[in-house]
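Undergrad: Residue numbers (the working numbering), protein chains in the order written: chain X, 4 to 313; chain E, 593 to 968.
Don't take every hint at face value.
In silico DSBU-like pairs for lysine-lysine, Cα to Cα no more than 30 Å straight-line [unchecked claim]:
hint	chain 1	residue 1	chain 2	residue 2
1	E	K852	E	K788
2	E	K788	E	K808
3	X	K294	E	K759
4	X	K294	E	K852
These stretches of chain X come out as covered by chain E in the derived footprint (C-beta under 8 Å, 3 or more residues) [stated by the list, open to error]:
hint	stretch
5	81-91
6	95-104
7	107-120
8	226-233
9	261-273
10	280-292
Sample of chain E residues facing chain X (criterion: CB under 7 Å; computed from the structure) [to be verified]:
hint	residue
11	P622
12	Y773
13	N777
14	L780
15	H781
16	G895
17	F898
18	F934
19	P938
20	A947
21	L960
In short, the hints are calculated from the structure, not lab data.
Ideal Cβ placement from N, Cα and C applies to all residues, glycine included.
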Amino acid sequence: MIDFFINWISIVPSFAAPFVLAALGLIICERAGVLNLGAEGFMLVGALAGVGLMVNGAPALLSLAGAALAGSIFGIFFAFMVAGLRINHVISGLAIVFLAQALTSLIATQQGWTNNPISGLQPLFSDSLSDILYFGPILFGQDIIIYFTPILCFLVAYVIYQTTIGLKLRAVGENPHAADAAGIDVTLIRFLAIIIGGAFLGLAGGYLTVAVSKIWVDGVVGGRGWIAIALVIFARWGAWRALTGALLFGCIEALIPRIAAVGIHVPQYFLLMTPYLTTLGVMIWSAIRLKNDWSQPAALGQHHIREERT
Amino acid sequence: MLRKFTEKNNAIMSDTNYPSDKKRDFQIIPRLEVRQNSPEWLRFLIYTISLLVGCVCAVLVMYWVGINPADLIQEISILLFSGTRTIGAILAQTAPLMIAGLATAVAFRANFWNVGLEGQMIVGTIFATFIAIHDVGPDSVRLVLMAVAAMLGGIIWIAPAGFLKLKLGINEVITTLLLNYIAFNLLLHLLFGAWKDPVSGFPHSAQFDLVERLPKLGWENLTYALPLAVFLVLLVWWILSFSRVGYLLSFVSSNPTMAKAVGAPVLGLSITAIIMSGAIGGLTGFAIASGLEFRMTRDFFSGFLFSGVLIAFLGRNHPIGVGIVALFMAILVLLGQSLQVFYQVPFALIQLIQAIFIICVAASEFFLTYRMHWRN
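Use the sequences and the hints to build the structure in full.
TA: In structure tokens:
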């Protein structure tokens with residue numbers, strides 16, 4: 004029994020990390036008032052970039068950096084659509100997901116990256132440390148991104164709440180017209196927010212393939228982008244709360260393959276539904292519980308045109 | 593009155609915002625002005641230009657994956673002019689696409705972003721297949737029962753998202769998409785379990801009996817799925833354009849706050865549109881299972897969410913527009929299939945082209961709404 008728990012808990016962080024990273028990227032975007040429904044697409048692009056670099060012989064960390072870069076380059080495109088051309092946030096988000104799904108599938112097939120196993124990211128510490136009884140695998144069996152993730156959480160929370168740029172970001176998300184009147188370049192802030200958020204989302208996707216699945220199949224992200232969007236609402240746009248929520252989802256996802264292994268018989272496909280069902284449940288819970296909660300950025304999903312202000 | 597005031601206000605503001613000491617003739621980022629009205633010819637012009645840009649991008653993408661424009665033209669002409677067989681195939685493909693576009697357009701009309709079409713198709717088809725497998729009801733009404741069951745399944749699958757949106761304000765894009773994943777797992781559970789084909793053991797349902805298939809039209813391989821689709825288009829057109837519900841619905845979609853203020857039953861109208869969308873979504877699955885493939889397969893729904901959104905979007909959420917765009921989409925899909933066979937390009941190419949068209953048409957909206965000023 005204790006082995007089961009150690010085994011389970013030690014695998015949770017690597018399932019939770021993509022959710023945390025994606026949620027951080029979404030928080031940055033949405034704090035600036037950009038409703039980023041394209042998360043799934045950004046993650047796919049990052050995931051493919053990670054695999055592509057690894058297949059071509061790049062080291063794991065460089066591949067992850069490349070995934071983040073691919074995410075932010077994709078972000079430029081999305082930013083141009085949303086902040087530049089002022090296309091409806093929902094439509095541009097959906098279009099971005101469609102585009103990314105098709106583009107990644109096409110490139111992966113053309114380049115022969117599909118079903119091509121890669122070596123992937125290895126744990127940071129040597130085996131001797133992670134062989135320590137009970138806590139060894141949990142504390143020392145993780146890879147570098149896992150240890151890095153709380154630091155990123157801290158950084159995002161710090162920048163959003165303690166710095167001038169964070170203040171500008173929030174001002175743009177709460178009331179772009181007032182922010183504009185105060186001399187903040189709304190379009191520029193939104194551009195930057197999407198590009199930096201895109202880097203986080205790309206990294207999240209890259210982590211999925213480089214460190215978790217270690218292989219590319221079409222649609223490898225499997226709805227995790229949508230779950231991350233729900234997670235951000237659940238976390239009320241707070242970085243640390245997103246970390247907690249992501250751990251919850253990590254626990255569930257890590258449990259799925261283990262339930263069958265210990266001999267509890269639940270139909271396989273019903274088990275695979277659980278992350279999505281949990282997400283629905285969490286969204287309902289947040290909506291009921293936080294009915295009078297004002298943490299959602301007030302201008303989320305609204306465009307800003309200087310000439311339109313009244 | 594108010595508009596005049598704001599106009600004046602804006603004029604004053606833009607004067608103060610652009611002080612005259614910074615004299616530049618040209619600026620890189622244009623100043624935007626909201627158009628007060630956009631004439632019909634401009635609408636048409638911009639829409640046409642965006643489609644042309646989309647076509648150019650599509651040809652470029654095809655060239656990138658190794659298909660020459662000359663080969664492309666040849667493939668298209670084979671598809672269109674090589675006899676009735678390919679025309680029949682195109683029309684057969686048009687039927688489900690038309691219904692899928694309608695399902696999406698109806699929801700979009702009510703500002704409900706239904707991206708759960710695939711989930712609604714799956715559950716609708718599961719319901720219809722249940723009737724077919726268990727031979728519910730007498731043979732003579734079996735098809736009607738299946739269609740009703742499919743609509744019911746679609747409604748059941750859109751209802752939670754609609755309820756959560758209207759009652760709790762939960763974003764329907766996320767809920768409908770999550771429901772897609774749940775429906776897909778449900779489908780796999782059935783096809784790999786209880787409903788596996790008893791004859792071959794493959795993961796698709798047993799073949800439908802003759803009474804459970806939509807009857808043939810007698811021309812090529814067409815079935816009554818096409819008349820059904822055309823009927824639905826005309827029905828929805830009537831509802832949206834000529835009935836009281838449609839009139840009020842257009843009111844709601846253009847200005848919900850105003851509609852509420854003058855006492856239009858906004859909630860009831862939204863519910864009607866959502867239910868209609870779900871029911872038509874279920875019928876899409878029925879049209880494929882009963883009119884095209886004669887069984888429930890593992891991936892009968894794939895790509896329809898994509899196509900549905902695109903068709904609704906290009907057709908401007910108008911039923912007749914949807915019908916016309918669906919025909920072109922069917923040509924595109926068949927073109928993709930033949931390219932897949934003869935040039936070994938993945939089907940994702942077609943989806944990429946669809947995504948490009950969505951982006952082009954969405955971007956064209958910008959030029960309709962705003963006028964750009966490059967000079968100070």
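Undergrad: Are three or more residues of the stretch 226-233 of chain X within 8 Å, CB to CB, of chain E?
TA: Answer holds; 5 residues pass the 8 Å Cβ test.
Undergrad: Taking the closest Cβ pair, is P622(E) under 7 Å from chain X?
TA: violated, 10 Å
Undergrad: Less than 7 Å between beta-carbons is the criterion; does H781(E) satisfy it with respect to chain X?
TA: holds, 4 Å
Undergrad: Measure nothing beyond the straight line between the CA atoms of K294(X) and K852(E); if it is 30 Å or shorter, mark the hint as holding.
TA: At roughly 22 Å apart (the allowed maximum being 30 Å), K852(E) and K294(X) satisfy the hint.
Undergrad: Would the hint on F934(E) stand, with a C-beta cut-off of 7 Å toward chain X?
TA: Violated - the Cβ of F934(E) stays beyond 7 Å from chain X, reaching only about 16 Å at its closest.
Undergrad: So, as I understand it, the hint says F898(E) touches chain X; can you test that by seeing if any CB pair is closer than 7 Å?
TA: holds, 6 Å
Undergrad: Are N777(E) and chain X close enough, Cβ to Cβ, to be under 7 Å, as the hint says?
TA: holds, 4 Å
Undergrad: Restraint: L960(E) near chain X, CB-CB cut 7 Å. Satisfied or not?
TA: The hint is violated - L960(E) has no Cβ within 7 Å of chain X, the shortest such distance being about 11 Å.
Undergrad: Quick check: the stretch 261-273 of chain X, covered by chain E? Criterion 3+ residues, Cβ under 8 Å.
TA: holds (count 4)
Undergrad: Would the hint on Y773(E) stand, with a C-beta cut-off of 7 Å toward chain X?
TA: holds, 5 Å
Undergrad: Three residues minimum, CB to CB under 8 Å: does the stretch 107-120 of chain X make the cut for coverage by chain E? Let me know.
TA: holds (count 4)
Undergrad: A closest beta-carbon separation below 7 Å is what the hint needs, so does G895(E) meet it against chain X?
TA: Violated. Min distance 10 Å.
In the structure shown, a violation is registered for the earlier hints numbered 1, 11, 16, 18 and 21, in ascending order.
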